[in-house]
Amino acid sequence: MSALSRRSALKRLGIVLASAGTMALVAGSPRAQGQAGRIIEIEARRFRFTPNEIKIKRGEVVTLALRAVDFPHGFNLPDLSIRADLIPGQVVTVRIQAVQPGRFAFLCDNFCGEHHEEMSGTLIVDT
Amino acid sequence: MDRRNFLSLAAVGGGAVFVSGLSGCANLGGMDKAANAANANFYFVQLSDIHWGYKGPDNPDAAVTLGKAVATVNALADQPDFIVFTGDLTHTTDDGLERRRRMAEFKRIVAALKVKDVRFMPGEHDASLDRGAAFMEHFGPTHYTFDHRGVHFVALDNVSDPGAKIGDEQLAWLEADLARLDKAAPIVVLTHRPLFDLAPKWDWATRDGAKALQILTPFQNVTVFYGHIHQEHHHMTGHIAHHSSKSLIFPLPAPGSQEKRTPVPWDAAMPYRGLGFREVDTDPRKATYAITELPVVRT
Ligand SMILES: [Cu+2]
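Top to bottom, those sequences are chains A and B.
So the first sequence is numbered by the working numbering: it starts at 1 and just counts up by one.
So the second sequence is numbered by the working numbering: it starts at 1001 and just counts up by one.
To be clear, the hints were calculated from the coordinates, so they are not data collected in a lab.
All values reported here derive from a predicted model rather than from experimental measurement.
One or more hints might be untrue.
Stated by the list, open to error - Once the Cα atoms are required to be at most 20 Å apart in a straight line, the calculated EDC-like pairs of lysine to aspartate or glutamate come out as:
1. B:LYS1068 / B:GLU1105
2. A:LYS55 / B:GLU1259
3. B:LYS1260 / A:GLU53
4. B:LYS1260 / A:GLU41
5. B:LYS1055 / A:GLU117
6. B:LYS1165 / A:ASP85
7. B:LYS1116 / B:GLU1105
8. B:LYS1260 / A:GLU118
9. B:LYS1260 / A:GLU114
10. B:LYS1211 / B:GLU1175
11. B:LYS1055 / A:GLU118
12. B:LYS1107 / B:ASP1117
Stated by the list, open to error - The following label-pair restraints were derived from C-beta to C-beta distances:
13. A:ARG45 / B:ALA1038: 48 to 58 Å
14. A:ARG103 / B:LYS1107: 41 to 51 Å
15. A:ARG45 / B:ALA1176: 54 to 64 Å
A virtual CB, placed ideally from N, CA and C, is assigned to each residue, including glycine.
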């Protein structure tokens, strides 16, 4: 997908890219440069990511579009060295490509209240 | 004779050997004696992760566990020089008034400790929702230093920032504080979260902990005591030792050993299993710290 068509796809989804908060991280192969791939929207709300299970194929390039709706949250996927602050009103995009299969935990790492510790999820990479 | 008497006798013995090495110089011997008293062995108690206000199946005795631990500390044959609480004094609540009520209750219960030199530190449950405001109202500063019998103690705050950062300002303060010390000085760092990446997927890390370790690395005798992970754990980063403490609420699984960081279930047949606190026998001249783990209730 070209950068242009990605932008229009994001527009169709009603996403406004935050200029300051935007990230485009690539884990794995540099082949992912320039590809946005499938866009997976993730909502961060006290105390849950929706969805909290993200399934992707090994080698597939995807863009996570993360949006905090109620409180400053954090997104941390330590196994891929990816983390971002999620500020309400901004969409943070993270482009990832997982090169090995497995289950990778992610969590909210900005303390957000009574059940903050339950705010986590799993990236599942299938072969 | 209990262990403490034995240790203090051993210390006196060591001092005597040292003094005899300077025989013929009464004045120097006298000075050494004074130095030995100032740097004499002592012990302190570390309690951590009380989570006052927690209600749930993982500790159905949560309302009395702290009181029992206070009684156990008070029953120690020799009382410690001081006691430190390394954070999560209270269980978090979104309600600021309730947070203050829990802190006031906590304070009332620990006021029964016989030892009056008690140092408090915040955990993320106490401080992360209001950047330490309620904690400071009840317990004072969230980071500070003190010296005890020649050991320099630094209480570092890695919880008032909700993103688990010490922050550049506090790191600069740490660097300035340490600058005046001899590189061989015995230094103890007290903190809540691990300063190293123990299990980042469980939030068992400090985001800028590596910067603190970098500041500490030039010093030869640094030991860190922390909490947060609700279990005993020992780890070295270079020459710096890190010792986490048990909790007084519920144990957590070994770092990264399962997908979710769910508490170890309460066992009615063995209440308080996996909970406790510790004594730290300190030899300031050798910068050694002998840890003895104690249960909530001694039988
Ligand atoms: Cu959150």
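Each hint, compared with the structure:
Between the alpha carbons of LYS1068 (chain B) and GLU1105 (chain B) the distance comes to roughly 15 Å, so the proposed pair stays at or under 20 Å and holds. Between LYS55 (chain A) and GLU1259 (chain B) the alpha-carbon distance is near 16 Å, which keeps this suggested pair within the 20 Å criterion. Restraint check for LYS1260 (chain B) and GLU53 (chain A): satisfied, since their Cα atoms lie roughly 14 Å apart, inside the 20 Å limit. Between the alpha carbons of LYS1260 (chain B) and GLU41 (chain A) the distance comes to roughly 23 Å, so the proposed pair goes past 20 Å and is violated.
Taken as a hint, the LYS1055 (chain B) and GLU117 (chain A) pair is honoured in the structure, with Cα atoms around 16 Å apart against an allowance of 20 Å. This hinted pair checks out: LYS1165 (chain B) and ASP85 (chain A) have alpha carbons roughly 13 Å apart, not beyond 20 Å. Distance hint between LYS1116 (chain B) and GLU1105 (chain B) is fulfilled; the C-alpha atoms sit about 17 Å from each other, no more than 20 Å. Note on LYS1260 (chain B) and GLU118 (chain A): the hinted pairing holds, with a Cα-Cα distance of about 9 Å set against a maximum of 20 Å.
Under the criterion of a C-alpha separation no larger than 20 Å, the hint pairing LYS1260 (chain B) with GLU114 (chain A) is consistent with the structure, at around 17 Å. Our distance criterion of 20 Å between C-alpha atoms is met by LYS1211 (chain B) and GLU1175 (chain B), whose separation comes to about 10 Å. The suggested pairing of LYS1055 (chain B) with GLU118 (chain A) holds, with an alpha-carbon distance near 16 Å, which does not exceed 20 Å. Pair hint LYS1107 (chain B) plus ASP1117 (chain B) holds up; C-alpha atoms about 13 Å apart against a cutoff of 20 Å.
Roughly 56 Å separates the CB atoms of ARG45 (chain A) and ALA1038 (chain B), a value that falls within the hinted 48 to 58 Å. With their beta carbons about 43 Å apart, ARG103 (chain A) and LYS1107 (chain B) fall inside the hinted range of 41 to 51 Å. For ARG45 (chain A) and ALA1176 (chain B), the hinted distance range of 54 to 64 Å is not satisfied, since their beta carbons lie about 41 Å from each other.
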